[in-house]
Structures are given as structure tokens and as C-alpha cells.
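These are the residues of each chain, in order.
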Amino acid sequence: MNPTILVVEDEPEIRQFLRTSLKAEGYRVVESPNGRRGSLDAGLHKPDLAIVDLGLPDFDGIEVIRRIREWSPMPIIVLSARIQERSKIDALDTGADDYITKPFGVGELLARVRVALRHAVQPENGQRILNLGLTSVDLEKRRATKGDEEIHLTAIEFRLLACLAKHLDMVVTHRQLLQQVWGPTHVEDTHYLRVYMKQLREKLEPDPVRPKYLRTETGVGYRLVADENSGTEP
Amino acid sequence: MKWPGYEWSGYIGAAGATVAATLVGLGLDAYFHVVNVALVYLIAVVLVALRFSRGPVVAVSVLNVVAFNFFFIPPRGTFHVDDPQYLLTFAMMLGVGLIVSGLTDRVRARAQAQAALEIEAETERVRSALLASISHDLRTPLAVITGSSSTLAERGERLGAEERAALAQSIFQQARDMSELVTKVLQMTRLESGAIKLERGWDSLSEIAGAVLRRLHDRLATHLMMVDLPDDLPLVRVDASLIEQVLGNLLENAARHTPPRTLIRLRAQVAGGEMVVSVEDFGPGLPEGDLERIFKKFHKGAGLGLAICRAIVELHKGRIWAERLPGVGTAFRFTLPLETPPPMPVEAFAR
Numbered sequence: 004m005n006p007t008i009l010v011v012e013d014e015p016e017i018r019q020f021l022r023t024s025l026k027a028e029g030y031r032v033v034e035s036p037n038g039r040r041g042s043l044d045a046g047l048h049k050p051d052l053a054i055v056d057l058g059l060p061d062f063d064g065i066e067v068i069r070r071i072r073e074w075s076p077m078p079i080i081v082l083s084a085r086i087q088e089r090s091k092i093d094a095l096d097t098g099a100d101d102y103i104t105k106p107f108g109v110g111e112l113l114a115r116v117r118v119a120l121r122h123a124v125q126p127e128n129g130q131r132i133l134n135l136g137l138t139s140v141d142l143e144k145r146r147a148t149k150g151d152e153e154i155h156l157t158a159i160e161f162r163l164l165a166c167l168a169k170h171l172d173m174v175v176t177h178r179q180l181l182q183q184v185w186g187p188t189h190v191e192d193t194h195y196l197r198v199y200m201k202q203l204r205e206k207l208e209p210d211p212v213r214p215k216y217l218r219t220e221t222g223v224g225y226r227l228v229a230d231e232n233s234g235t236e237p
Numbered sequence: 419m420k421w422p423g424y425e426w427s428g429y430i431g432a433a434g435a436t437v438a439a440t441l442v443g444l445g446l447d448a449y450f451h452v453v454n455v456a457l458v459y460l461i462a463v464v465l466v467a468l469r470f471s472r473g474p475v476v477a478v479s480v481l482n483v484v485a486f487n488f489f490f491i492p493p494r495g496t497f498h499v500d501d502p503q504y505l506l507t508f509a510m511m512l513g514v515g516l517i518v519s520g521l522t523d524r525v526r527a528r529a530q531a532q533a534a535l536e537i538e539a540e541t542e543r544v545r546s547a548l549l550a551s552i553s554h555d556l557r558t559p560l561a562v563i564t565g566s567s568s569t570l571a572e573r574g575e576r577l578g579a580e581e582r583a584a585l586a587q588s589i590f591q592q593a594r595d596m597s598e599l600v601t602k603v604l605q606m607t608r609l610e611s612g613a614i615k616l617e618r619g620w621d622s623l624s625e626i627a628g629a630v631l632r633r634l635h636d637r638l639a640t641h642l643m644m645v646d647l648p649d650d651l652p653l654v655r656v657d658a659s660l661i662e663q664v665l666g667n668l669l670e671n672a673a674r675h676t677p678p679r680t681l682i683r684l685r686a687q688v689a690g691g692e693m694v695v696s697v698e699d700f701g702p703g704l705p706e707g708d709l710e711r712i713f714k715k716f717h718k719g720a721g722l723g724l725a726i727c728r729a730i731v732e733l734h735k736g737r738i739w740a741e742r743l744p745g746v747g748t749a750f751r752f753t754l755p756l757e758t759p760p761p762m763p764v765e766a767f768a769r
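Protein chains in written order, with our numbering: chain A, 4 to 237; chain B, 419 to 769.
Chain B on its own, in the form it takes in the complex:
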């Protein structure tokens, strides 16, 4: 990664190294042979090469040759060179600089590749954990479907109508659950790969909530639902289908993890220039450490639902989090940014 500030500091470092080497050289000059001064300059090149990229190394090599020539090669104080063998010295100083810089570049590249490999390994680990959890979740319904349907197909005529109906019903149920899981996995994959483009439009959160409550009516029937949506809630610019999924996942999640007849409250309010939507349950509550962890996609129990919620909310430039309610219960909240809605037709105000 190279950015201008970094590059500049490289060249300043190069100039500083030449100045420092020259000062040290001048100090040594009285006692030692000029060859030792050349070595001081080489050390400066090596130090710059270790710290900076190729550009500054070439710069320090050239500067060193110039300074060495000017201050130490007779006739001193000029850029004139009497003895041609010093030209070889210059060439070698440049050469060593380039070689050292090439070597450090290679070492640096290898370190970066190593880091990339580690990230890849981590991604791979997450992926296989996810795969393991999904295949576990698929295996049970598949076993039920295989078993029940083969019983019906091979032994159907020996069973009573009631038994047949029960087997068929459980095939239906399990297949439906499985299809939901597969949809979620696909959804997560698409969200992660960036394949989902938001289809934003002006929408009403109350409307979206109404649709979710209808869709999940049977599943939420075991719990007490309370809906608290202010009448004057502003419109939001969202992808309604995705926000419906977020609300649905949060409500299902609340129903799944709290005992029957627990109160679940769906709320929305405007605070600090954004809309805050909450699904609060008055169940036993989550342990502190789980509040963040449950949004990870391979977290057991919450499954993919909350990871999908997080991805969708973040696509909308909102935030999502879980918090413990004082006393008892858990709240899942997410925010949606508010924008100024477009003007309305005249009749809307002429009621």
C-alpha cells in the first residue's frame, strides 16, 4: 500500500540518511581511510532499503555518490574525479543499494502473501463452520422426508388414513423449513458477494410491519404481540422486501427463543435524525457475551437470520444491535437513516 505521505517520508528519510552518513564520514575522515567512509554510506543505503521502497533507495544511492564525491574524493569540494577507480566505487555503491532494495522488496512481498493466506484460511474456517451447521440443519428434515415419503410410497396401503395424513403433514412441514433455510443460505451468499442491489423506494415502515405480521401470523400466534408504531412516522427510502426480511427474522427469532405467551413488542420511533426500529421481548434475556456474537453467521441457535439482518441493515447505512432490557428481556434494534421525502400531491393536504 503506497500513499503520497508515505512516499514523501521515504525521500525525506533518504536525504536524512545521506546527511547523517556524510556527517559521520566527516568525523571519521581524520583518522580512517576514505574506503571506510564509503562503507558508512553503504550502511545508510541498507538502512533506507530496510525501511522504504525502491524509489527512496535509488535516491539515497545517488545522493550518497554525489556527497561522497563532493566531500571525500580528491579534489575535494568539487564534483571532479581525478582517479577513474572511484567511478567503480560509485557504481558499486549504486549496485549494492539496488540489490539490497530488491531483496527487502521480496521479503516484504512474501510477508504480505503470508498475511493474505492467513485471512483466506480464516474465511475458509468460517465457511466450513457454516457449511457444517447448515448440513446439520438439513440432515434432520431430509431424514424425516425420506423416511416418511418412503413409508407412504411403499407401505401406504397398510396405513390408516390418519397415519398417512400425519406422515404427509410432516413431509410438508419439514420441506417448508428446509426451503426456508436454503433461501436464507442463498440470501446470505448473495449479500456477502455483493450480488444484491438495493431497490430503494419511499416506503412506510408501518406498512412493511403490517405485511410481516400478516405473513407470520400463525408463527407468532403462540406469543403476545404488541405493536407500537406512531401515527406520524416519516417515510423511509428502503428496499422494502429486504427490510421486511429483517423485521420477519427479528420477530421469528424473538418467538423462537422465548417461552410461549411471552410479550413481544414491535416499536419504531424517530431519534437523532434516524428511525430506530425495535423488536423487544420480555423473555429470559441473553447472556452479556452473546449480545454481539449472535450476529455472527455460524452462531448456533440464531442461525443465519441475524447475520442476514445485519448485512441488510448495513447495506441501508443503518446499525443493528442487541441489548438487554432493564429487568428482563432482550431488545433488538436497528436504525434507518431519514431523508427528506419528495413533495406530495396537493390533495393530500386538502382533507
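So that you can see chain A by itself, here it is in the shape it has in the complex:
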């Protein structure tokens, strides 16, 4: 059966264009005009993915995410119209998987939806093998190689990479990374990330200044994008 997508959005015009473009891709679409309805519809229709607008009339989109997260790990993409980074980051820290800033083109949206749906069917630990151009990283065996050459990664570098790989192609916030790699007392220490990402890029990226795989989401976090043929099997 085709995946069902829940759209929680108060603007009818935006719902219309989302409905049209998602249906054209073969998805089933459930629409909710407000947060209360959205939370209910999520339970009622058990969608495969939710698209949640952050500026809803009754309560904040973040509240919708919180309610869904109480019982479901379904992928959630937030639509954010605000130029402030803050609400976006709060939504991600609350459990949203990715975001898209209004106004957006349909290509951008569909790409996010595809990635999020693909991610949902993957095993809990995400990718085991990452193919980053000539470099390949086996997260399970903790081995990184470039061609025949072995690349040495430190324990923390591996942990950081694994954290990003768990959410492959999607954004992971600074707070989430710091919490998972260094622990809850270091969630404010963003300078750790700067230094370690620099090291990782120097080891893994063909051009560290213009990273292709370890991408910066300025003010939000990082996104690991691997080559298509990455997978759970070597």
C-alpha cells in the first residue's frame, strides 16, 4: 500500500498545494487544519509520516510533535515560516526529524519526504557501512578506509559519525550530538563539535572546506549525506 502522509497545516492554500504534489507522487494524504485535529488524526490514521506546520492557530506545532512522540516514532518533517532558527531547533530537539523552511519548492519537499520515509524502514542503528566517495566507513567494525589505506578515527570521531549515520540524510541538532557523544553535561559545548567536525572532514572529505558528506546546517546542526550505495550490508 502507498504510504500515508499526515499534513497538519492551517493555511488551506498551502494544504492544497501539498495535497496536489503529494498525491501526484502516489502518497495518500490526510489533512488536519489545526494542532488538536492533527494530534487526533495521527492516532486515528496511523500515517507513515507527518508534515507539521510550526505556526498553527490553536497550539504550537511543537506540541503536536510532543504528542505524537509520546506513542510513535513516525518520521516528522516540520514546516517553518519563521526566519528565527529557535523554533526550528526546538521542534528538532522535541523529536522532529527534519525541517523545511517556507517558501519551498516542491522538489525540495519531496526529497525530504523520500529520505524520511526511507529512514523509517531502516533498522534501529541506521547505516552500518557508509560510502563517502573513495572513503568507506564500517561503523560496526569501527574501520575507515580510503582505497586500501586505513584511516585512523578516534573513539569520539566514530561516535560522532555513528550518531549522524543513525539519522542519515537528515539533520541532527548540536544539542542532540553533544548529548549523545559527550553526555548531558556538555550540551552547550558547541566548540567540541566544531573541532571534531573539522578533524572528521579532514580525514573523510575530498575538500574539507566545501564538505560534500558532512554538511553544516548553520545555527542548527549537521547532516550526514552518504552515497546512494551505502547500506546495512558490506
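Because the hints were derived from the structure by calculation, they are not lab data.
Take the hints with a grain of salt, since some may be wrong.
[To be verified] Partial list, derived from the structure: chain B residues whose beta carbon lies under 8 Å from chain A:
hint, residue
1, 502
2, 620
3, 631
The beta carbon of each residue, even a glycine, is placed where N, CA and C say it ideally should be.
Given the coordinates of chain A, assemble chain B onto it according to the supplied hints.
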């Protein structure tokens, strides 16, 4: 505006005026009636009132009455008053002092209000110039969007697939440009009203630059990009999203105002305790007079981008400027203050 030094000079002036009036009075005393001496004291009050605020005026009035009484009213050399009519003279001297001081206060207030009005008029003029330039910039895309979309809606079925696609594409493009402009206007308004609070964190300029270069990849594809960021560039404590906007605006600006295939160089270095970030282009260059003017928000061409850059850099306590490169081209540079970064976890050094 009153500050302590100013107030003190007022009271010193008041005392000086009384001394001067007394000396002049003593000079006149031999030849003229004591009433004329009273007038000399009044002149002193008026002069103080013209120059200083109410406090010194009251002071000079009281001092004058005391001095007048002591030096000129019989019995002289005492504060005793024989003839009660002099009490009326004292009262009138005080009264005149207060009235004159009230009048000058009012004139002064009116002058200040006038100056404030002029500033407001200037702000208003800038605002309407900005509004005019924005509405001009909005009108073209709106006309394209209205025209193209109505063609599609009303005549769509008579058009070929290619024509329909072209119309739709231009709607998309124009709407995107418009949305960028609106974002910029909002951003400028928020920066000006002080509504933006910096969300500072330790960040890497190279990372921010990498993100901008990715975001603007298509737009910079017409030009030759060169990135020159030293490996050991220190971390900076900035609002990364805002600094990304600065870099983005400067790069877009360079690409927009130079011919295709012009070399654009993004550089950063540490100099004199701060970081200097530069976007240099090797295009035709700016006329000398424009180097400062382009940062004004209603300057044609540069649009709001550079005004936003300036506001953001200044919020970070940095400076931004444009300079001509020797030979050919223009450099836009801004500085970011450097601070001592916090300590790193141990593993960072154990490579």
C-alpha cells in the same frame, strides 16, 4: 541634557555674575542712584538666565539680593534693612529672575522640539525612499507572476507543454526572488528596531563559509570562486546564522556586480587581535565615492544586502568596509573580535 559638569559651571557662572554686578555697582555708586545699581543686578540675572538653567538663575537672584542688601542698602555693610520698601525691590529682583528663566526655558524647549522634528523628517525621508525602492522591486515580479499565472489559468489548455512549463518556471523564479526581498526587508526592520538578539556560540568561520558556498552553489557557478581559509583559523563567538547571511550577501553582491567568469576570492585571516574576513572580486571596481555610500539601505543596486551586513557586523562589535583593490576590483571586508575559546576535551589533543 544636563550633566554634573554643566550644572557646576552654571553655579560658578551665577556667583561670577553676582561678583561682576557688585563690582560694576560699586563703580557706579559714587555717581548714580542706588536704583540703577539694582538694574545692573537685573542684567546679571538676565545674562545667567540666557546661558544656564533654572537652578543657577535662582542662585544668582538670591546672591544678588544678598549682595545688593549688604553693599548698597543702608545701613551698608550689614544685612539689616531700614526701609521696608527695599524688601519689595528684593522680591521684584527674584521675580524677574524667575520669569526670565521660565521664558528662556520655553524657547530652549521649542528649539529642541524643532531639532527632533527635523530628525524625524529625515528618518521619514529615508523610509519613504526605501519604500519607493522596495515597491519598485516588488512591482516587476508581481506583474510577471500575475500575468504568467493568469495566462496559465485562463489560456493554459491552448498552450503547448513547453510554453506552459516556461510560464510556470518564471512564476517560480520571480516568486522566489520576491520572497528573498521580503525576507531582507523584514530582516532590516528587525535589525533596526533592535528586535534581533544575537544567539552567540563558538563557531568556525570555515564551516559557515562551507555552508554558504553550498547554499549559493548555483548562483556562484557563473563565477570563479577561490577560497583561502587558513587551516588554523581560531573559533569565533558569533551568531552563525547572521554571519552566514553576511557572507552570503557579500558573495551574491560580488557575483551580481561583476561580469561572468570574474574571479571572486573568499579569505579570512587573523590580524591585530581580530579576524578579518574578505570577499574580493577582480571585476571593474567601484567608483571612490560609492565605497561608503553602498552601505546605505536605499542605495540603488546594492539593495538592502549591504545595509543588513553592516547592521549584523556592528551587532557583533566588528567593522565592515569596502576598498578598491590595487589595479582592479573591489574588496569587502569585515572584522570579528577574537576571544579566548573555552578549553577542549582531552582527546582533541591526543591525536
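These are the hints, each one checked on the structure:
1. 502: violated (76 Å)
2. 620: Given a least distance of 4 Å, the restraint on residue 620 of chain B holds.
3. 631: holds (6 Å)
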